[in-house]
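Undergrad: Single-letter residue listing:
Number of protein chains: 2
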Amino acid sequence: MDDEDTFKILIATDIHLGYLEKDAVRGNDTFNTFDEILKCAKQNQVDFILLGGDLFHENKPSRRCLHSCISLLRKYCMGDTPILFDVLSDQAVNFSNSKFPWVNYQDENLNISIPVFSVHGNHDDPTGADGLCALDLLSSAGLVNHFGRSQSVERIEISPVLLQKGSTKLALYGIGSIPDERLYRMFVNNQVTMLRPKEDQDQWFNLFTIHQNRSKHGATNYIPEQFLDDFLDLVVWGHEHECLINPSRNEQRLFYVTQPGSSVATSLSPGEAVKKHIGLLRVKGRKMNLQKIPLHTVRQFFIQDLVLSEHPDLFNPDMPKVNQRVEAFCQEKVEAMIEEAERDRLGNPLTPEKPLIRLRVDYSGGFEAFNATRFSQKFVEQVANPKDVVHFIRQKDVGEEGVDFGQLLSHSSTEGLRVEDLVKEYFLTAEKTVQLSLLTEQGMGKAVQEYVDKEEKDAIEELIRYQLEKTQRHLQQRGVLTEEEIDQEVQRMERGGRHLQQRGVLTEEEIDHEGERWG
Amino acid sequence: MDDEDTFKILIATDIHLGYLEKDAVRGNDTFNTFDEILKCAKQNQVDFILLGGDLFHENKPSRRCLHSCISLLRKYCMGDTPILFDVLSDQAVNFSNSKFPWVNYQDENLNISIPVFSVHGNHDDPTGADGLCALDLLSSAGLVNHFGRSQSVERIEISPVLLQKGSTKLALYGIGSIPDERLYRMFVNNQVTMLRPKEDQDQWFNLFTIHQNRSKHGATNYIPEQFLDDFLDLVVWGHEHECLINPSRNEQRLFYVTQPGSSVATSLSPGEAVKKHIGLLRVKGRKMNLQKIPLHTVRQFFIQDLVLSEHPDLFNPDMPKVNQRVEAFCQEKVEAMIEEAERDRLGNPLTPEKPLIRLRVDYSGGFEAFNATRFSQKFVEQVANPKDVVHFIRQKDVGEEGVDFGQLLSHSSTEGLRVEDLVKEYFLTAEKTVQLSLLTEQGMGKAVQEYVDKEEKDAIEELIRYQLEKTQRHLQQRGVLTEEEIDQEVQRMERGGRHLQQRGVLTEEEIDHEGERWG
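In order, the protein sequence lines correspond to chains A and B. According to my numbering, the first sequence is numbered sequentially starting from 1. According to my numbering, the second sequence is numbered sequentially starting from 1.
Isolated chain A, as found in the complex:
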């Protein structure tokens, strides 16, 4: 099928370059896998690479991360191999945000062998007054073609990049990440328009790339497939990390959806445990074929659930030494998973040695949790996540005991939760008990602003930690114990803060003025 009329497109998404890059064990994972992906594109002599967003994990990637990315793109995507397809659309429209508004392979000063087309994701979206994102550094250097950027926040008109190889015509549509609720509303209000070429409409293969929630996170916090136009042939869905790359047919709209999934596990949840793949898409005329390609450099990840109350034969809370029995059982489970990972890795020299292992233990029903950190530490030589191999959950009585901030914070730092997840979790959990009392509006506002500006990725974590420690020390000092007393104390501290401010050297105006000076 590889003839002069067939587009060969390598499809990947959510590569999350730089994820955990400071981790001694996992630090190189994302770069190794990006290397594998680019090498695969080169070996398969694809016409181009299509990325579905979140090439970078951080909105402001570290220098090392940018440097590695630039070097890899220059190594694999530049060279003498001729490009065998043309661009028919108005490139000044397709790439209107770029200072060099044309595809990189047509730039006479660059020798591009594999063009990369990418939309941006929610991790590497445009920010700031200039509306630049990390991809734009790559596009200004001529290494990536960043498409699917909307000019307006009220209305989206998607002008496809029209490509032709031999007799095959491919219309490439894309939307870079937009907050789900907003995009949902725009679809509902008919403010999203996909433009189509005027002539020979039915001869085009219509490929659409989107980076949004596909699974329903809330009434309007996702994009239903049926919102999309039915003239599409294939949708490449980014953002969702579970590999569901085999195209599934939407029976209402009669198009196919492929969800390549991330090429790195950024959380230890079941979806990430599905084996990671990229796709080799062939398009000839209106026909397509998607070949799954397994990624060998991806660290293995095995996850299992254990519900203690479902094993009354093995243990119940009233047994003597039940804790030791549970812990021993968990150890057997973990060791079995490690062995399974070892067998599975045989013959795959590219796969990192230490797997990710997660045992989720539901200890509802009167069981006690043992020390998860100490337990996990036993496997420090065998697993890549020796801080959190075991994770205790309680299906039935979550929330009864109020907020365990220590757990909450430790959780986020070890699992690499995204800050937005942390904040969401904080608000959800904290709502019932302390109702934001620990965080002053001013402090939270400032932290959120800093976070929004993406200048200070740790701003919110730092603030929460600071307030938590301050409060803990204060409460300890006063020997407060009951919940009621805690509430009173917190209110007292708040009043005190306001009081100091009112009486202090600095008036509110002066504080604002100070803030501006230091802004």
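Among the hints, erroneous ones may be present.
Identical chains share a label here; the pair holds if one copy fits it or two copies do between them.
Said to hold, decoys possible - Here are the simulated DSSO-like cross-link-like pairs (lysine-lysine), alpha carbons at most 27 Å apart as the crow flies: (1) Lys99 - Lys22; (2) Lys387 - Lys99; (3) Lys275 - Lys8; (4) Lys22 - Lys60; (5) Lys39 - Lys387; (6) Lys284 - Lys42; (7) Lys60 - Lys99.
These are computed hints drawn from the structure, not numbers from a lab.
We have chain A; now place chain B onto it with these hints.
TA: Frame of chain A, contents of chain B only:
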């Protein structure tokens, strides 16, 4: 003289891209001037551009700054103009730190018309475990040739980049910025070696680029010219911002030194008021010629000193309404400077409209300072620095009244002092009176660490501000007034802090542990 044997080299340094980039008036200055410099190189059809360090103001330039820099380099330095000189040295040695260890114009995938060679400065020096600097992002993208990087911190061997154009042989030496004391020591201990080509040594023109203190900041806190080898022909000295571009002869070593100076004023000091230039260096055989080229996009800067006690005819401290007289006189002075700037700008459409104006008023001898901010604000429509047109100094009694933190901090924020200057100034000034009591060792250590890692450029400023505000509020609340009482209060606070820590929920060990978790 522009023939096939003549190297034409554009020489510039300390461009400080991104300096004050968020300032509404001055934000584009550095980018406009970099544009002018590159345009000038193109118009003069130079063979290459030589930069003396500090291309970037920030160690971690903002996205906008990197994006602008990349775009400008791609715009001006790529194209079809052929490069007419060869590299004779071992490029794997010259560019051993690069993943692409060869000059960019010999890369078959890049069409370079003007190669840029640069050492790094102290503002954009390599940091972190990977030893990367901002220039390395440009070099990985093939836009700059970063040379003069030392592999060792104990010993430097400089292998020159050997270039030949027609019959002219040019040996290009360089050392990227190194802390002055360390480099001084290395020179004294004979640990700096400049390698020379084995054959035809006397046929080479030897050009050396250095980015260090040239003026003596302390016994060993600069590099004396006579430390440099006498086989050199010309030294291009970066780091020093005053334009002293006309080559001066070192009579001991018999080489010449040109100090191009920065292309933007990053402080309102007299050296920065000297008109800014870049150089067009021609080298043919062992002969050279350096043509000064004035920069038209540079914002004008006029500075004047006024010592009140030197005008007993006009005012003395005992006169009635002496303050008004002084202020009126200052206003006349400032207006005269503004007029001078206007006349000077006539016929230079590229020069920004609003000049930088600084009047330094020495009010020693019993005079009072008036409100400098309110005074400066009068010129908001006419000057680019409407917060600090006037600056009060007191030659005779500096330090008598202890530390004015507000002044210190406001000073740094408005004048764009570097953080290291701020810290130095803080320690110098604070030593006598408060002896670091306001800053806990722990806090300062953490902030310094963050600063050293260059991840958090505001860490130290933030800490000082936080401690200052906390202390001010506390002192105000308690109504402390005398210096002795302030000392006592500060000590009490320190003890209290330790006490809380000792009694608190968290032991020191736990705090350390917390710190690690959040590190």
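Undergrad: The structure should be examined with respect to each hint, and the outcome stated for every one.
TA: Hint by hint, here is what the structure shows:
Proximity of lysine 99 to lysine 22 under the C-alpha cut-off of 27 Å is restricted to the inter-copy arrangement: shortest distance 21 Å between copies versus 33 Å within a copy. For a Cα distance limit of 27 Å, the shortest separation of lysine 387 from lysine 99 qualifies neither inside one copy, at 46 Å, nor across copies, at 35 Å. Taking CA atoms no more than 27 Å apart as the test, lysine 275 paired with lysine 8 passes inside one copy only; the shortest distance there is 23 Å, against 58 Å between copies. When the C-alpha separation of lysine 22 and lysine 60 is checked against a cutoff of 27 Å, the pair qualifies both within a copy, at 15 Å, and between copies, at 18 Å.
In this assembly of identical chains, the alpha carbons of lysine 39 and lysine 387 never lie at most 27 Å apart, being 33 Å within a copy and 55 Å across copies at closest. Taking identical chains as interchangeable, the C-alpha atoms of lysine 284 and lysine 42 lie at most 27 Å apart only when both belong to the same chain, with a minimum of 20 Å there against 46 Å between chains. Proximity of lysine 60 to lysine 99 under the C-alpha cut-off of 27 Å is found in both arrangements, the shortest distances being 20 Å within a copy and 22 Å between copies.
Of the hints listed earlier, those the structure fails to meet are numbers 2 and 5, in rising order.
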